[in-house]
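Novice: Residue numbers are given in full-length UniProt numbering: position 176 of the sequence shown equals residue 176, and the series is strictly consecutive.
Check the hints yourself; a few may be wrong.
[Unchecked claim] For each label pair, taking beta carbons as the anchor points, the in silico distance ranges come out as: (1) Y198 with G96: 49 to 59 angstroms; (2) Y198 with G50: 36 to 46 angstroms; (3) V181 with V281: 19 to 29 angstroms; (4) D363 with E47: 10 to 20 angstroms; (5) A315 with H355: 13 to 23 angstroms; (6) S214 with G96: 30 to 40 angstroms; (7) H355 with N11: 18 to 28 angstroms; (8) D389 with A274: 37 to 47 angstroms; (9) A184 with A274: 42 to 52 angstroms.
Calculated from the structure, these hints are not laboratory results. Just so it is clear, CB atoms sit at the ideal spot from N, CA and C, and this is done for glycine as well.
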Amino acid sequence: MIQRNNSDYYNRPLLPVDRQMFGPDATAKALEMLRLHPSYRATPLRELHGLAASVGIQSVHIKDESGRFGLGSFKSLGGAYAVVCLALEEASRVLGRVVNASELLDPDVRAVVRNLNVGCATDGNHGRSVAAGANLAGCRANIFVHEGVSPERIAAIARFGANVVEVAGNYDDAVAEAERVCHANGWIIVSDTSWPGYERIPRLVMQGYTVMVSEILAELERPPTHVFLQAGVGGFAAAMAASLTLDIGAARPKFIIVEPDRAACLFASNKVDAPVKIAPVEPTVMAMLECYEPSMLAWGILSRLADVYMTVCDADAIAAMQQLAAAENGASRVIAGESGGAGLAGLLAAAADPHGRELIGLDAHSRVLLFNTEGATDPTIYKNLTGIDPGVLVPA
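Please work from the sequences and hints to get the whole structure.
Specialist: Right, here's the structure in full:
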């Protein structure tokens, strides 16, 4: 399914707070902080020549986040960044001076930060990032996982020393339980979704994501004309759309939001021009996108900047994983997890549909940007879905 942006806010300017949080200066600040991490390096931007030719467009580039900080996902930019920001703010408050990221190992700073507790709900990747950030900063993390999160992803979170709390139900149930327990214990919620009265920390999470935009624009000779952005609650999609728009300006690309057809809360919200919670149905293989209610913050941005909303089915997502894993004209393989290839699934579905192609404006001059938002964060699931052992795939 595919539809134009139906919002009365479409093409209106971003709110001043969003311009401040996601503009070039904010991106530079996030990049400066993340460069202090000893494992920081820009992730690859891969050009898929054969794919571009097959769909009749000028170029396709994919930002490959499968190796980011060794955590396997773009999420490692957001949750960890927000936790470090909060830890520095707490140390500055208690010590009565500005504490910089370079002082994280200072004994006085560590003594303050070790008393800080953070918590969040997760499908896997965000919780792993928050746990890694807490481990780096020296504070405590409490990660709430729903019953659909695989044991391998839970183990990956626990390896950072986090307290993992298992919650019956789906992601939204885990969000509610995390909010309840954190409030009761006075812990700081570090969520990648927002709700009325809770927006600043999700903005910090999203600000961390904008580092990808800085890296991408430093490599591309010309900016993209179309960007396919997979979405769960919408935080990643909104951060990319806002940052690219504020960097590129009036010639911004078209933003196409891609969701699983079994968890398309933004698609449903666009129909009525208001954020809505949809009823859960059969789980989707795109586990990191299985969300049933948009982030209020993300909706406020996407209602202005998203041009088109579309959905893809599980079979489309699996086919995209397999296509990215196949070597193409000697190019590097891309290891994309179940949600990582959803943007490509959207491009392929739109390009094969004359109506979708016209609606999006895909033609021989189109320059498409995609994101592989995660690698094989659960190798067993990856192999079961694709028939390929990710251990034998070696990207550049």
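Novice: Compare the structure with each hint and give your call.
Specialist: We went through each hint and held it up to the structure:
A hinted range of 49 to 59 angstroms for the beta carbons of Y198 and G96 is inconsistent with their spacing of about 27 angstroms. Taking 36 to 46 angstroms as the suggested C-beta distance range, the pair Y198 and G50 conforms, at roughly 44 angstroms. Evaluation of the 19 to 29 angstroms hint for V181 and V281 yields a pass: the beta carbon distance comes to about 27 angstroms. Checked against the hint of 10 to 20 angstroms, the C-beta distance between D363 and E47 comes to roughly 19 angstroms, which is consistent with it.
The beta-carbon spacing between A315 and H355, approximately 20 angstroms, falls within the hinted interval of 13 to 23 angstroms. In this structure the hint that S214 and G96 lie 30 to 40 angstroms apart at CB holds, the actual value being about 33 angstroms. A hinted range of 18 to 28 angstroms for the beta carbons of H355 and N11 is consistent with their spacing of about 22 angstroms. A hinted range of 37 to 47 angstroms for the beta carbons of D389 and A274 is consistent with their spacing of about 45 angstroms.
Take A184 and A274: their Cβ atoms lie about 31 angstroms apart, and the range 42 to 52 angstroms is violated.
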